[in-house]
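Q: Here is what each chain is made of, one letter per residue.
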Amino acid sequence: MIPAQFSYRRASTVDEALGLLAEHGEDAKLLAGGQSLLPLMKLRLAAPEVLVDLAAIDELRYVRLDGDEIAIGALSRHQDLNGDLVLAEHAPLLAHVAGFVGDLQIRHRGTIGGSLAHADSAADLPAAILASDGVLVVRGPSGERRIPAVEFFLGPFTTPLEPDELLTEIRVPRQTGLGWGFEKFTRRAIDWAIVGVAVVGRSVGLINMGGTPVRARATEEALASGASPAEAGALAAEDTSPVDEPHATAEYRRHLARVLTTRALTTAAA
Amino acid sequence: MRVTIQINGQPFSDEVEDRTLLVHFVRENAGLTGTNIGCDTTSCGACTVLLDGESVKSCTVLAAQADGHEVTTIEGMAGADGELHPLQRAFREQHGLQCGFCTPGMIMASASLLAHNPKPTRTEVREGLEGNLCRCTGYHNIVNAVMEASGQEVDR
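Order-wise, the sequence lines are chains A and B. FYI, the numbering for the first sequence is 560 to 829, going by our numbering. FYI, the numbering for the second sequence is 987 to 1142, going by our numbering.
No lab work stands behind these hints, which were simulated from the structure alone. Quick caveat: nothing in here was measured; it's all calculated off a predicted structure. Careful, some of the hints might be misleading.
Covered stretches of chain A, going by a simulated chain B footprint (3 or more residues, C-beta under 8 Å) [what the hints assert, rightly or not]:
| no. | stretch |
| --- | --- |
| 1 | 563–575 |
| 2 | 585–597 |
| 3 | 620–627 |
| 4 | 653–663 |
No residue lacks a Cβ here, since even glycine has one placed at the ideal position from N, Cα and C.
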C-alpha cells in the first residue's frame, strides 16, 4: 500500500512550519512521527496534498521543569519521554504511559504532540494528559494560545486546532509526590486499549470510553468525599458512552472501566 | 524529489516520488531485499530496520523522512569478511527461526533493544520484541537467541 500522491515539504523551525501552513491552508497536513498519519494515508483515509514534515524542528524536543509546571516540547518522542529523568521525577504517570504506546519501533518515531493532535480516544497519552490537567500551547499566525486539555478533545479525531496552527508544547502541573496508576486492557500487546485508565492524585482519565478521552467525574467526586478505591471505581462508567463492537460490547467496556479504575486507584493509593 | 540515504555505510541516492516508503526505497532503489514486507500496516515488524541506530518499521516511514539519515538493514549486520553478527549466530544456534520471514526484522529489533539494554531479562526481551510477530516459533527460541547474543545464560 502506498499513499496517494502529495508534495513533501520539510520545516526546520516553527516559523517555517507556520509559513508553509499559511501558504497551503487546508490542503496541508503536519507530519510529526507519522505513526498514525502514514497508516491512514496508506489506507487512503487521509489524502493531504502537501505534507509538512516537522521532524527537523529540534526546538520542539525537550522536557523542562518550569516553576510548578513541566513543559514538554510537542515533538518529544514516546521513547524520549519514557526515559526522561525530569518527567520520571515530576510527572511519573506520563513517563510510564509513554512506555505503553504501541511498540518499541512506534515509540522510536511517534511524538506526544502527534498523538494529542490526532485525538484518538483509544490512544493512551490523551487520557493521561487529560487526567494531568494539561494545557496545550498552540502557535498560529496571530501568536500563541493555550487550550486546557478539557477543552481540546471535541470529538473523534477532532480538536480546536485551526489548519494554520501548530501544537508546540504541553504543560502539566508538577505531580511530585502524588499517587498515580495506569491500567490498559488489550487483546494483543501492541493493540490499542479496549479500555484504559490513567490516575494521578484524584484525577481519573478514561481511554476509549466514548468518542473522546473523558474524565470519570463521578469517581473523582466520590474520591473527594473520601470513598475507597473500590467505591469510587464502581462509578467509573457513569456518563460514558463506549462503542458497542463485536469483540467488546459497551457493557463489557463499562465493566472493564470499573475494574481497571479500581485497580489504578488502588495502585495510586498504595 | 532526490533522496540520499546512507544504508549500511554506503550512500544511496535516487530520484523518487515524494510518497515513496522507506521499505520500497531499501528494496527497490537500493536493491537490498533482505528487509521483508509483511503486514504493511505497522503491526508485524518484518520490515524493521535501524534509522540512526534505532528500530523503526520501514513500511511506516517515508524515504523522504530518512533523507540525509543513516539506515542499517540485515545486510549490514555481518562483518565485511562475511562473519555473522552475534545476533545472527545466536538465532542460528538457538533455532530462533523456522520459515525465516520475520527473522531480519526480529534481528534488527533485537539489535536496537540490546543497544539500549545490553543485558535484558527474558521479560524485557519479550516486551522489547512486542512489535515483531513470528507465526512459526512461539517466540521461545527467539528469546533464547537474544539472551545468548547478549552473553547471558540461556535459561530454558
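Q: Does the stretch 585–597 of chain A contain three or more residues whose Cβ lies closer than 8 Å to a Cβ of chain B?
A: holds (count 4)
Q: Using a Cβ cutoff of 8 Å, are there at least 3 residues of the stretch 653–663 of chain A near chain B, or does the coverage claim fail?
A: holds (count 3)
Q: State whether the coverage of the stretch 620–627 of chain A by chain B holds or is violated, taking the criterion as 3 or more residues with Cβ-Cβ distances under 8 Å.
A: It is violated, with 0 qualifying residues against the three required.
Q: Given that the stretch 563–575 of chain A was listed as covered by chain B, double-check it with a C-beta distance under 8 Å for 3 or more residues.
A: Holds, because 6 residues of the stretch 563–575 of chain A bring their Cβ atoms closer than 8 Å to Cβ atoms of chain B.
In this structure, the one hint that does not hold is number 3.
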